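Colleague: For reference, the chains in residue letters:
There are 8 protein chains.
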Amino acid sequence: MQEQIKKLLQAIQQGKVTVEEGMEQLKELPFKDLGFAKVDNHRALRQNHPEVIFCQGKTPQQIKEIVGYLAKNSNNILASRASLEAYEAIKEVCPEAEYHALARMVVVNRKPLQLNKGTILVVSAGTADLPVAEEAAITAEIMGNRVERLYDVGVAGLHRLLAHLDKLRKANVLVVVAGMEGALASVVGGLVSRPVIAVPTSVGYGANFHGLSALLCMLNSCAAGVGVVNIDNGFGAGRLAAIINEDAR
Amino acid sequence: MQEQIKKLLQAIQQGKVTVEEGMEQLKELPFKDLGFAKVDNHRALRQNHPEVIFCQGKTPQQIKEIVGYLAKNSNNILASRASLEAYEAIKEVCPEAEYHALARMVVVNRKPLQLNKGTILVVSAGTADLPVAEEAAITAEIMGNRVERLYDVGVAGLHRLLAHLDKLRKANVLVVVAGMEGALASVVGGLVSRPVIAVPTSVGYGANFHGLSALLCMLNSCAAGVGVVNIDNGFGAGRLAAIINEDAR
Amino acid sequence: MQEQIKKLLQAIQQGKVTVEEGMEQLKELPFKDLGFAKVDNHRALRQNHPEVIFCQGKTPQQIKEIVGYLAKNSNNILASRASLEAYEAIKEVCPEAEYHALARMVVVNRKPLQLNKGTILVVSAGTADLPVAEEAAITAEIMGNRVERLYDVGVAGLHRLLAHLDKLRKANVLVVVAGMEGALASVVGGLVSRPVIAVPTSVGYGANFHGLSALLCMLNSCAAGVGVVNIDNGFGAGRLAAIINEDAR
Amino acid sequence: MQEQIKKLLQAIQQGKVTVEEGMEQLKELPFKDLGFAKVDNHRALRQNHPEVIFCQGKTPQQIKEIVGYLAKNSNNILASRASLEAYEAIKEVCPEAEYHALARMVVVNRKPLQLNKGTILVVSAGTADLPVAEEAAITAEIMGNRVERLYDVGVAGLHRLLAHLDKLRKANVLVVVAGMEGALASVVGGLVSRPVIAVPTSVGYGANFHGLSALLCMLNSCAAGVGVVNIDNGFGAGRLAAIINEDAR
Amino acid sequence: MQEQIKKLLQAIQQGKVTVEEGMEQLKELPFKDLGFAKVDNHRALRQNHPEVIFCQGKTPQQIKEIVGYLAKNSNNILASRASLEAYEAIKEVCPEAEYHALARMVVVNRKPLQLNKGTILVVSAGTADLPVAEEAAITAEIMGNRVERLYDVGVAGLHRLLAHLDKLRKANVLVVVAGMEGALASVVGGLVSRPVIAVPTSVGYGANFHGLSALLCMLNSCAAGVGVVNIDNGFGAGRLAAIINEDAR
Amino acid sequence: MQEQIKKLLQAIQQGKVTVEEGMEQLKELPFKDLGFAKVDNHRALRQNHPEVIFCQGKTPQQIKEIVGYLAKNSNNILASRASLEAYEAIKEVCPEAEYHALARMVVVNRKPLQLNKGTILVVSAGTADLPVAEEAAITAEIMGNRVERLYDVGVAGLHRLLAHLDKLRKANVLVVVAGMEGALASVVGGLVSRPVIAVPTSVGYGANFHGLSALLCMLNSCAAGVGVVNIDNGFGAGRLAAIINEDAR
Amino acid sequence: MQEQIKKLLQAIQQGKVTVEEGMEQLKELPFKDLGFAKVDNHRALRQNHPEVIFCQGKTPQQIKEIVGYLAKNSNNILASRASLEAYEAIKEVCPEAEYHALARMVVVNRKPLQLNKGTILVVSAGTADLPVAEEAAITAEIMGNRVERLYDVGVAGLHRLLAHLDKLRKANVLVVVAGMEGALASVVGGLVSRPVIAVPTSVGYGANFHGLSALLCMLNSCAAGVGVVNIDNGFGAGRLAAIINEDAR
Amino acid sequence: MQEQIKKLLQAIQQGKVTVEEGMEQLKELPFKDLGFAKVDNHRALRQNHPEVIFCQGKTPQQIKEIVGYLAKNSNNILASRASLEAYEAIKEVCPEAEYHALARMVVVNRKPLQLNKGTILVVSAGTADLPVAEEAAITAEIMGNRVERLYDVGVAGLHRLLAHLDKLRKANVLVVVAGMEGALASVVGGLVSRPVIAVPTSVGYGANFHGLSALLCMLNSCAAGVGVVNIDNGFGAGRLAAIINEDAR
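Chains as they are written, first to last, in UniProt numbering: chain A, 1 to 249; chain B, 1 to 249; chain C, 1 to 249; chain D, 1 to 249; chain E, 1 to 249; chain F, 1 to 249; chain G, 1 to 249; chain H, 1 to 249.
These aren't lab readings, by the way, just hints derived from the structure by calculation. Careful: at least some of the hints might be erroneous.
Listed below are the simulated SDA-like cross-link pairs for lysine to any residue, each with C-alpha atoms no more than 20 Å apart in a straight line [what the hints assert, rightly or not]:
#, chain 1, residue 1, chain 2, residue 2
1, E, LYS72, E, GLU96
2, C, LYS64, A, LEU102
3, B, LYS170, C, LYS16
4, F, LYS6, D, GLU20
5, E, LYS117, D, GLN14
6, A, LYS7, G, VAL17
7, F, LYS16, D, GLY15
8, F, LYS58, E, ALA101
9, C, LYS16, H, GLN14
10, A, LYS16, G, VAL19
11, F, LYS64, F, GLY118
12, F, LYS7, D, GLU246
13, B, LYS16, E, LYS117
14, E, LYS7, B, GLN61
15, D, LYS7, F, GLY118
16, G, LYS111, G, LEU70
17, F, LYS170, F, SER202
18, B, LYS91, B, GLN61
19, G, LYS91, G, GLU65
20, C, LYS111, C, ALA128
21, H, LYS58, B, GLN61
22, E, LYS6, B, PHE54
23, A, LYS7, G, GLU65
24, G, LYS16, A, LEU102
25, D, LYS111, D, GLY15
26, A, LYS58, A, LEU70
27, A, LYS7, G, GLN61
28, B, LYS91, B, LEU115
29, F, LYS7, D, TYR99
30, C, LYS72, C, LYS111
31, H, LYS6, H, GLU20
32, H, LYS64, H, VAL52
It should be emphasised that the depicted structure is a prediction, and the values quoted were computed from it without experimental measurement.
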């Protein structure tokens, strides 16, 4: 595209194309060819980020093909919501892939990123929240972060959480994963002064309404500094935490 | 009624009434006259409980009339959701009435009940929750309970709550009042081993949805021993706490 | 930890550590090590309560491991939402475990608690509500309570309920379990003067919306003295009833 | 229109129009002109029913004009949700109009209908439900029904309701009006064997959600023979009860 | 029970039992035996109504036992939401039972009731609504009603419905069954002057939200004379229609 | 019916039937026979539209029978939400049927319609939206439209969408298919000046609530010219687009 | 901007700026200035469309300023949701503005557009729906369309609607406005073969939930060819109808 | 407290208190006195943060008192949701207070913080979103951040947003404020690689349901790196953005 504009300007310079014709041609250039190199190159700048595949609803065969394609161009790949079958299909085209069963994630980490300075702490309330917590932790790790875990510290047993006050306070970014009433995000948010990414989970039953109770609780947190992602969206929380943890410009 | 049946049986015994006629007459006795003396007298047994009027949606004139009527038969009266106008109307027929502006309650406590042994502790999260908290506290007081208050101890400043751990642990029944995310009920529930009555309030905005977030949070509490009442229902919580606090049979 | 503090104080006593250094070291001790003996020991005081496992979402193998661990330290164990497979896994590590199929509960009751004085009455509306009702009843029993059952007394056949008025009135705490419209809690609440724990169930279809109708009905009960727990939360209701039924302090 | 068809058939008879042309013309007649005399005349048959105006959202001036128009053709008129201002505007064009302040209804009953045989009983739970209950009662009355009222018999004081069992059982159709938890419909439905029209009201607060709790409760009624109308729709309930109470064909 | 009271009265008459003993014995009779003969006998009066079992959530074995028990005392039995397996279990104890596969109903009609005078018309919108429509129709039939069916007349093809205007107008009670937008109830309600029982079905997808759209549509019907039952509650609609269709008292 | 009216008019012409008798007979003809030829013939005018079967909830056998019947009268048939089994059943009676696996559609296109002038562009956000997008595209095609596809152009990668600005601007009607947040409809609606039919899909999880998020997003679109259909209703969108794309009258 | 580019190209032509410098300057121009002439000019093409202001939430003063600004560049202006005060403020800067009180719209139509060929028919159910219907009608008119109105034809009085079948069938686009149950859209959609834009209104009460019932009803319409806009969005419906009614490209 | 411990340790040192007694006394100290200096001092570390008052629901008098109290200890104060009356009351005790009418905020900025390195960009969709956007911007500013604003760049006019691509890309943290469909967050999230804080607003009507549509849209954003706060919570967004923008530890 650059070339195309260059040729046009040269033609104007050389008098082969009039100014009026030139303006007409500029208008006709497709949108992307003008401005959107600009749009796209921010991806290039961040090229070390892994390529991501959301496997839910895709067949192992489809996943295998997508990973096969990506593996040619990317060093690092992250497949979320991946079944064991999906993993086995992936291994055929990408033998170095590793499977994290609890998080249901497949990780290809050929060229690990240099670690960011701060630590990301993933805190979770109950054992049933672990898959989402691990999804967040692994996502943050492959994006170049030191991740610590603080699991099974629900608010009904406050002393378990408070015993780790130092760990909470040392983290640069916190991801708080909780289902049921989701109160952990508010409690943690009140104890720290760094950003808290809250992840409601669908863990619970009855008036939990598939995570709605935790979601609303977190959105209404009286603690400042809490941002919320979608129910069960461990990946999104891990990614947001990673972006925050990057060195500021 | 007992008399009525007795006479009937005597008449049968004396042959003045045949068995068939007797059966017919038994059927004709109104329902209440048979079984429902029994239904009703449990109220008589508990006659020291105050009579209660829910003022919302009633005119001061209507409230005045109702209180005027009750004041003839009851020692103690509790008018909830009462405006200042309602209070002034009540004073005309019941000069000893007192107004609790914050709780929007009018109290007539002519014959204070003997105090129950245990203490009821009313805990609230934010200042905006105070009207509901006071409604609960005053209700419990007029029903013969020692009530302590622990206000402004929301979970975002956990140390304020934990500084009163002894108070929390000494209470026999706890009423926890919180809006927004309502997480306080879970935290308190995890710190004590006595019953917690949770009252969600409509305090908040946005995804609070008029108290829904606090309600769902409290229903999904991971702490055992928490029972929930309707949004903003301080009266109901105070009453339930009072009933629990009565000496067991 | 106790040891750690003891040594510190001895060192101060012996002049090996100055007062200032001692204060510094006290601050550095992890949170739990200072205050939280105190936080934790309320559990110790109540040590006769059974340990509880919520089995839903755990594999039989996981459940077996947890029970195996708990069985070393606890006399009494309660596993809720347990399938037959879970029970069989538990029996391998804990042969005295009993299975209550209807309530889907496994009970290990090695050292039955002394019975509280009052009676807990579990009332249920329809046969489909029985699993939740039994969950509540069994929970209350293992926590040391005399439990009576009054089942299949839905409000559409009021005479069945009223025939047991004496039983209702004699109970110290009542648990009312109902699905569909959940009206039983209000009716029972109007007949008794002791606390009523209402448990909405997800029994029903259509505009029941998985228990929402019963939940809202119970929260809006016009009867005083009703506290509500989560939909289908028989365990929570049983536990709250048991705590209420303990002798007041 | 009748005339139009008549002329066409006469023209065919007289040979001025061929059969084919006649068929063509029949097709061209507007829809109503062919078949819909038939559609409409069922209204004619029922001409004694009052004309009804829903006043909410209309200005007194608009209401006055509509009533003025109707008053020329109808004997009986019913204006629902009418303010006092609306009533005063109506009186200018219809001096015999009466105002029922509680029900917010204006009634013009120039030619009272002959009474149907059965009785309609309107039952209501609390005093705040009275406007809706009266709306139902007055609607049924103007449609030619004997209406009895049984008010303030909420389920939390069951004995008040049961004291009137005979009245409940004698009614041919029952309208049950209740807010908050709406349990009255189920209880009444279980006591009678005639149709129950349930009207949820928006009376309540918090988790009542403007009548949703009562609505869901009534829709999920475990009692057979209950049909539900919209929240606060006293008019609709009265009308449905009246239609049911008409002598069967 | 009648017998029991009779014997008691005879014993009093014969002097075998004193009046005081008689009163004592009367008190001891369970509630129903005193007052609830009256409560209960309305069922006796209507004894031809079939006994009803809601099979959903019961095992074939349980259903078989219940039917076996009922078959000893009742002439007519109706089992709703019955699978083929349930039917086969029922046949073992009740060989004359018939299965209506579409309606998922088992019918035992040993002593058909005399037919009521009016006709009940069951109208349905789409083929997917047929199971619910048939449930309503069969329920009404076994309760002694002449039932006509008008199926597949959804509002998107209005001419199909209007072609049967006479049938609609001749019916004494109408049951209208519709999913998706549920508009059929309003349209039918506007065409007839007899009661319409509207049954929303869960037929549809997306913003149907399992029948919510049809339910809300029917509750908001601008046609007078429409009562609504729960989503998919064909049985309830059939029963309400049957009760309405009985000759008025 | 035409015949019936013809005979009647002939009889009038021949004097065998008087005008009055003729009018009487016209009234007696069933509704459809008078006016509804007219109602129906708009379908006749549009006879090239395919007959449509919604297969969800029907057995392959039922589908086969319906298609077998339709295949005698219609040239073109469209079966939506059809499984492979349904397709194989259809092929037995209609061997020329084709199966579009992704769209879950069976198409019988014996007599392809002449193409409308404008182009319909189907735009979709993610790969998981493809089945709905294809349902829309295939529906529009069989109804005689030139359809272009622009897939996988979600708003998170805006450059992919903007690269096809010309395609977007050339389309006469656009169908925009998106799940999750459904923002694509607003963005596309802001870029074009022709009608946009927005189809929310149920693709997503958590606070997506089965398509509710995309539905609400699309209904609240700040772009003018957007009409919304039901969640996942690709067929409805394709049909509406096709109707819009027909040449205006 | 055009000027800016022109000058740049002229400078290149005249050799005052090199090609390289020219490219650099092109890149520096704000995005819109390069590519978005193209993005924007589709608005230019449609320049006869009125400028639109949504007045709700703006002060009369703010509205006056905006209109004053627009009035300098646009011939036609449409202000929706405008109060009388807003209108009076507008008149000060734009004396030719007209106020449509019912639709709450201010119209400045200095240069009426040439009329499109087809007719847009706005159909509404009840009188309370008129403001929304008029908003749609006036919007369509100012955008150059022949608009007909068919008001007060709710489905409960079907004959009123059917009497205008010809009008319905002659329309090229239909806008159907209905509150309460919103069934009119389905009925109209079944009678015509042209696009139907359905506008749910918030007219109603109770289970209408501020328009939710009508919205869901319309989204679930079983009639093909219905697109839905937001509740009360008469403007959006009018605009979509106008765009559809434009001659196809 | 420090003193209390000091004295205790000195007493041990001096042999006045034994080690065992010392341990006993340590246990008896209130919770806060031991560990919670530690809990609290993280606030001390961050003491430059302004004190915050949420004014909604407080009287001007109450606000004045709180500010008067805070003004003695804090340099900087932020009062959100403050009316003009509130501001005037504040000025009496704090004359240097400034009022930001649009944001409804009162700011006391006696000792402005040193600016963080990165820039926070606040982006908003429509003019009605400005109060929330300004609330976020002013909050971030008083917390020591360089804030830029990019307003009125809704997705329906994409070119307005894209014209500022450089600004978007240069920001270190972005706050995106949007009502109605809330799509702006996804679009911005797709264009940048830094954290996006999304604030749904309650701007809109109808199916917006007071901000629900924007909230769900943002939670379901397909763009990574988006965290959501409560509806209309500009303050929370500003604060979270400020915390993120602080230099990492």
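Colleague: Taking the hints in turn, state whether each one holds.
Modeller: Results for each hint:
1. E/LYS72 - E/GLU96: Distance ~13 Å between E/LYS72 and E/GLU96 Cα, so the pair holds.
2. C/LYS64 - A/LEU102: The given pair, whose Cα atoms are some 19 Å apart, holds under the 20 Å limit.
3. B/LYS170 - C/LYS16: Roughly 39 Å separates the two Cα atoms, so the pair is violated.
4. F/LYS6 - D/GLU20: holds (8 Å)
5. E/LYS117 - D/GLN14: Violated: E/LYS117 and D/GLN14 sit about 48 Å apart, past 20 Å.
6. A/LYS7 - G/VAL17: holds (15 Å)
7. F/LYS16 - D/GLY15: holds (14 Å)
8. F/LYS58 - E/ALA101: holds (15 Å)
9. C/LYS16 - H/GLN14: holds (13 Å)
10. A/LYS16 - G/VAL19: holds (14 Å)
11. F/LYS64 - F/GLY118: violated (35 Å)
12. F/LYS7 - D/GLU246: Since the Cα atoms of F/LYS7 and D/GLU246 sit roughly 42 Å apart, the hinted pair is violated (cutoff 20 Å).
13. B/LYS16 - E/LYS117: Not OK: B/LYS16 and E/LYS117 at ~46 Å, beyond 20 Å, violated.
14. E/LYS7 - B/GLN61: violated (57 Å)
15. D/LYS7 - F/GLY118: violated (48 Å)
16. G/LYS111 - G/LEU70: holds (14 Å)
17. F/LYS170 - F/SER202: violated (29 Å)
18. B/LYS91 - B/GLN61: holds (12 Å)
19. G/LYS91 - G/GLU65: Within the cut-off at roughly 11 Å; holds.
20. C/LYS111 - C/ALA128: Judged against 20 Å, a Cα distance of about 32 Å means the pair is violated.
21. H/LYS58 - B/GLN61: Measuring from Cα to Cα gives roughly 30 Å; hence the hint is violated.
22. E/LYS6 - B/PHE54: At roughly 48 Å apart (the allowed maximum being 20 Å), B/PHE54 and E/LYS6 break the hint.
23. A/LYS7 - G/GLU65: violated (46 Å)
24. G/LYS16 - A/LEU102: At roughly 66 Å apart (the allowed maximum being 20 Å), A/LEU102 and G/LYS16 break the hint.
25. D/LYS111 - D/GLY15: Roughly 50 Å separates the two Cα atoms, so the pair is violated.
26. A/LYS58 - A/LEU70: It holds: about 16 Å lies between the C-alpha atoms, which stays within 20 Å.
27. A/LYS7 - G/GLN61: violated (52 Å)
28. B/LYS91 - B/LEU115: Not satisfied, since the Cα-Cα distance of roughly 26 Å exceeds 20 Å.
29. F/LYS7 - D/TYR99: violated (58 Å)
30. C/LYS72 - C/LYS111: This hinted pair holds, its Cα atoms lying about 14 Å apart.
31. H/LYS6 - H/GLU20: holds (17 Å)
32. H/LYS64 - H/VAL52: It holds: about 13 Å lies between the C-alpha atoms, which stays within 20 Å.
Hints 3, 5, 11, 12, 13, 14, 15, 17, 20, 21, 22, 23, 24, 25, 27, 28, 29, counting from the list given before, are not met by this structure.
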